[in-house]
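No gaps in the numbering here: position 375 of the sequence shown is 375 in the working numbering, and each next residue is one more.
Among the clues, some could well be false.
Stated by the list, open to error - Below are the SDA-like pairs computed for lysine to any residue, each with C-alpha atoms no more than 20 Å apart in a straight line:
{"#": "1", "residue 1": "Lys112", "residue 2": "Ala72"}
{"#": "2", "residue 1": "Lys258", "residue 2": "Ile365"}
{"#": "3", "residue 1": "Lys112", "residue 2": "Val329"}
Unchecked claim - Pair by pair, the computed Cβ-Cβ distance ranges are:
{"#": "4", "residue 1": "Ser206", "residue 2": "Thr127", "range": "23 to 29 Å"}
{"#": "5", "residue 1": "Ala318", "residue 2": "Thr106", "range": "41 to 47 Å"}
{"#": "6", "residue 1": "Ala272", "residue 2": "Pro297", "range": "31 to 37 Å"}
{"#": "7", "residue 1": "Ala318", "residue 2": "Gly298", "range": "19 to 25 Å"}
{"#": "8", "residue 1": "Val178", "residue 2": "Gln316", "range": "50 to 56 Å"}
Worth flagging that the hints you see were computed from the coordinates, not collected in a lab.
These numbers come from a predicted model, not from an experiment.
Beta carbons: idealized from backbone N, C-alpha and C, even for Gly.
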Amino acid sequence: AAAVSFGTFCQTANNLSDVTAATARSNLGLAIGTNVQAYSGVLNTLATSAQASLDNRIINGDFLIDQIREGASVTPAANGYAIDMWATTAAAALLSKLTFQQQSATAPPNFKNALYVLAASAATPGTSDYSLLYQTPEGIQVADLQFGTANALNIMLSFQVYASVTGTYCVSLRNSAVNRSYVATFSVGSANTWTQVTLSIPGDTSGTWLTAAGAIGMYLAFDLGCGSTFQAAANTWSAGNFLSASGAVQLVANAAAKLYIANVRLYPGSVAMPYAPRAFGTEMSLCQRFFEKSFAPGTAPAQSAGTADAVSVVSQAAATFGGGVSFKVQKAKAPSVTTYNPSAANANWRDATNGADRTATVGTIGQNGFQITGASGAAGANNLIHYFANGGL
1 AAAVSFGTFC QTANNLSDVT AATARSNLGL AIGTNVQAYS GVLNTLATSA
51 QASLDNRIIN GDFLIDQIRE GASVTPAANG YAIDMWATTA AAALLSKLTF
101 QQQSATAPPN FKNALYVLAA SAATPGTSDY SLLYQTPEGI QVADLQFGTA
151 NALNIMLSFQ VYASVTGTYC VSLRNSAVNR SYVATFSVGS ANTWTQVTLS
201 IPGDTSGTWL TAAGAIGMYL AFDLGCGSTF QAAANTWSAG NFLSASGAVQ
251 LVANAAAKLY IANVRLYPGS VAMPYAPRAF GTEMSLCQRF FEKSFAPGTA
301 PAQSAGTADA VSVVSQAAAT FGGGVSFKVQ KAKAPSVTTY NPSAANANWR
351 DATNGADRTA TVGTIGQNGF QITGASGAAG ANNLIHYFAN GGL
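Build out the structure end to end from the sequences listed, making use of the hints.
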């Protein structure tokens, strides 16, 4: 039999006569008296929700996963991460002015978290200054959008914002070479109120857009304050590296200004759809394609953070010891690996049996794991170490 879409099924059910409704109830195994039209409406809602969650090309758009900071406020270094999948960058003059934090106190109704951005101190961006929060969807995840071709698909970008400063804000899309840009504007008309934003963006038929696994497919960036060098006409594709439009709110220039972002969703099409979260385990696995830690949930990577869930190797002799560590999820690319002593302020193994440290050396790193050794082990000693793997694009 030919496949029937949910939409076709539901439309047919909604048009059933009383006689054919009885037949439909029988075919579907529904009890006598069941309203087939109402039943189809439930299925349609489920189908819409499933499509909404599967189509989202943004990972951790509801900011539930924070392996990196575990809810701590941070002022990242240049190109540092505020939370899993969401990076920040700024010109030197603006680098220390903004803080970022996963939090739940001001989350949207019916949702748990938002990302909180605070202008801890004010600084007016110079001509070539910039500050932004961004995510880089992987090339393979956006390949079907066909950007850079005549068949480029239109996309929808939706999110919720809560800001202490009213006005026009900007969000941008750029290719990996940052020579194709689309700056979209959105308005915050009421301060300290959640605002739903839904933007329709035409697909870009020009430029080079990478589609390989492990490559940057695109940049999605929220402007937090940029100079004129990075400003362009809004709501059109431009050749160049642009993040904002003239007249936009510069959050970083307003001391104590607050911005909350929640439920970010990017998907193909031209029809607005509600935000539908993926299962938490699914979202965690998607994040772990790029970031992974050995630390227990709730513990941010740090030295001397405890032995729970640490990698453990027993040295069989008074000699070099070690082995291979397999990642929980295959990485998009070979990550960097940072090690942490669970019981001291260094990056070495902890010999828990003898209360000593053993020098750690990370060897070959691949997408599926890495090799690690320890020097001058003691026979029969239990050696412990933590790691954080960063494969962010």
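So which of the earlier hints does this model not fit? Violated hints: 2, 3, 5, 7; rest satisfied.
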